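Protein chains: 2
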Amino acid sequence: MPSIDVCFSPELLPLFKLQGKIAVAVDVLRATSSMVTALSHGVVHIAPVSELTECMAYKDQGYMVAAERDGVKAEGFDLGNSPFHYQEEGVRGRHLAITTTNGTQAIRLSRPADEVLIGAFLNVGAVADYLRKAGKDVVVVCAGWKGLFNLEDTLFAGALAERLEGDFELNHDATLAAYHLYQTAKSDLLGFLSKSSHVQRLERLHILPDIEFCLREDVYQVVPILQGDFLVPAQ
Amino acid sequence: MPSIDVCFSPELLPLFKLQGKIAVAVDVLRATSSMVTALSHGVVHIAPVSELTECMAYKDQGYMVAAERDGVKAEGFDLGNSPFHYQEEGVRGRHLAITTTNGTQAIRLSRPADEVLIGAFLNVGAVADYLRKAGKDVVVVCAGWKGLFNLEDTLFAGALAERLEGDFELNHDATLAAYHLYQTAKSDLLGFLSKSSHVQRLERLHILPDIEFCLREDVYQVVPILQGDFLVPAQ
Numbered sequence: 030m031p032s033i034d035v036c037f038s039p040e041l042l043p044l045f046k047l048q049g050k051i052a053v054a055v056d057v058l059r060a061t062s063s064m065v066t067a068l069s070h071g072v073v074h075i076a077p078v079s080e081l082t083e084c085m086a087y088k089d090q091g092y093m094v095a096a097e098r099d100g101v102k103a104e105g106f107d108l109g110n111s112p113f114h115y116q117e118e119g120v121r122g123r124h125l126a127i128t129t130t131n132g133t134q135a136i137r138l139s140r141p142a143d144e145v146l147i148g149a150f151l152n153v154g155a156v157a158d159y160l161r162k163a164g165k166d167v168v169v170v171c172a173g174w175k176g177l178f179n180l181e182d183t184l185f186a187g188a189l190a191e192r193l194e195g196d197f198e199l200n201h202d203a204t205l206a207a208y209h210l211y212q213t214a215k216s217d218l219l220g221f222l223s224k225s226s227h228v229q230r231l232e233r234l235h236i237l238p239d240i241e242f243c244l245r246e247d248v249y250q251v252v253p254i255l256q257g258d259f260l261v262p263a264q
Numbered sequence: 030m031p032s033i034d035v036c037f038s039p040e041l042l043p044l045f046k047l048q049g050k051i052a053v054a055v056d057v058l059r060a061t062s063s064m065v066t067a068l069s070h071g072v073v074h075i076a077p078v079s080e081l082t083e084c085m086a087y088k089d090q091g092y093m094v095a096a097e098r099d100g101v102k103a104e105g106f107d108l109g110n111s112p113f114h115y116q117e118e119g120v121r122g123r124h125l126a127i128t129t130t131n132g133t134q135a136i137r138l139s140r141p142a143d144e145v146l147i148g149a150f151l152n153v154g155a156v157a158d159y160l161r162k163a164g165k166d167v168v169v170v171c172a173g174w175k176g177l178f179n180l181e182d183t184l185f186a187g188a189l190a191e192r193l194e195g196d197f198e199l200n201h202d203a204t205l206a207a208y209h210l211y212q213t214a215k216s217d218l219l220g221f222l223s224k225s226s227h228v229q230r231l232e233r234l235h236i237l238p239d240i241e242f243c244l245r246e247d248v249y250q251v252v253p254i255l256q257g258d259f260l261v262p263a264q
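Sequence order for the protein chains is A and B. FYI, this note's numbering numbers position 197 of the first sequence as 226, with every residue one higher than the one before it. FYI, this note's numbering numbers position 4 of the second sequence as 33, with every residue one higher than the one before it.
No wet-lab data here; the hints were simulated from the structure. If you're wondering where the values come from, they're calculated on a predicted model, not measured in any experiment. Treat the hints with caution; some may be incorrect.
If several chains are the same, the list does not tell them apart, and a pair holds so long as it fits within one copy or across any two.
[Claimed, not checked] Below 25 Å or equal to it, Euclidean Cα-Cα: the simulated PhoX-like pairs (lysine-lysine) are: (1) Lys224 with Lys165; (2) Lys224 with Lys46; (3) Lys88 with Lys224; (4) Lys102 with Lys165; (5) Lys46 with Lys215; (6) Lys162 with Lys175; (7) Lys162 with Lys88.
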């Protein structure tokens, strides 16, 4: 039976063997939620990049450019990191380049895996279906917050583990932790997270509607997958 | 109000500021449980060292030398990593040098803190009392397993957070995770841990009685503290 493991911080990723496995990169608040939303609303592909200058360079090629640092839109960019930015009719048929504090680094570091998917609560069921069909070992790569453990990405990992229960081994310690935390939190994810100093910091940025949206499960069916340098909807 | 934070792996410790804080190093299975047991049974002091050769060198100075690698006693040493080794009458008045796979590294890396304590379920109440009196910010440094997250050290952190609730802020994400996992697990810690592949690996070493003993709370009142190169009972 394949297994699902969870890496709580990109800093720990060198300890995981990704070859032969599928990585699911997650940054629930809000990078991967925004990416899932963008591809669901007709964005053709997404270039996840690490640096602001690298991101801005895509503008000359006709891309929409999006950048977030420390929770706010970086100066001079078209878009920030709110999923609502990617629900507008104007995004359909466009190409997007994006850089965020944590999420795009998690994607970059996941590249040694056989396949890199993008997960969020918004598409957790679709990701689970994809993984079940693939039947390979899985590592959920949590973006965390500047290298530190965070709860919301962990809860996503727990939700995904619950969806895969019975078809995947859940016996890695990190997976068991994520699974049990999700059991405790799932009836009220927002209430559970509201005690977190990290989420409180995000709330001070007045993005509570963003947070509520990002915690909704199975809103979209798209599974973003990395092909070369670009995220596209998996077929 | 002071806060309690949790570092799930020594690999993440560079992200934590330890200056001005108290570090509580924990390796429940079994290094710190054995250290607490040893000092409670009359060992004068303990030298926690990183390398086997460094540890063996203490033998010429009359120390008992203990070494564990990958769960078993290293060849040529007097003692391994079982707490039962340290309950014998013969340990009273002796000095001990010890090296283990994970625990002694966690202690070494905690040194930048103002004070380094040793925690285990066996002395969790005494550690909580010490911390409450000190009133400084706390970081629990989990030894983990070769850099990876583990459940048993996390559950200790959760137990300690529960004891400090009301007197310390528990709003760091890692602390909330540990606290909630402990709430789920505390009525049957061994049952909870028995699903873990890591604990299953230890069970295959036939140390189930060790594991059961290490999960008992408040057996001892000693609080080991690092003074120079040695762990001694805090006064």
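- prompt: Which holds for Lys224 with Lys165 at a C-alpha limit of 25 Å: within a copy, between copies, both or neither?
  reply: Classified as between; 21 Å across copies, 36 Å inside a copy.
Status of Lys175 relative to Lys162 across identical chains (alpha carbons, at most 25 Å): neither (33 Å within a copy, 32 Å between copies)
message: Reference check for the pair Lys46 and Lys215, CA-CA at most 25 Å: within, between, both, or neither?
response: neither (30 Å within a copy, 32 Å between copies)
query: Quick one: Lys224 to Lys46, C-alpha cut-off 25 Å, is that within a copy, between copies, both, or neither?
result: Between copies, since 22 Å is at most 25 Å while 34 Å is not.
message: If the cut is 25 Å between Cα atoms, do Lys102 and Lys165 qualify within a copy, between copies, both or neither?
response: neither (37 Å within a copy, 36 Å between copies)
- request: Using 25 Å as the alpha carbon limit, work out where Lys88 and Lys224 are close: within a copy, between copies, both or neither.
  value: neither (39 Å within a copy, 50 Å between copies)
field: Intra- versus inter-subunit Cα pairing at 25 Å for Lys162 with Lys88
entry: neither (37 Å within a copy, 58 Å between copies)
Against the hints set out earlier in the document, violations occur for numbers 3, 4, 5, 6 and 7.
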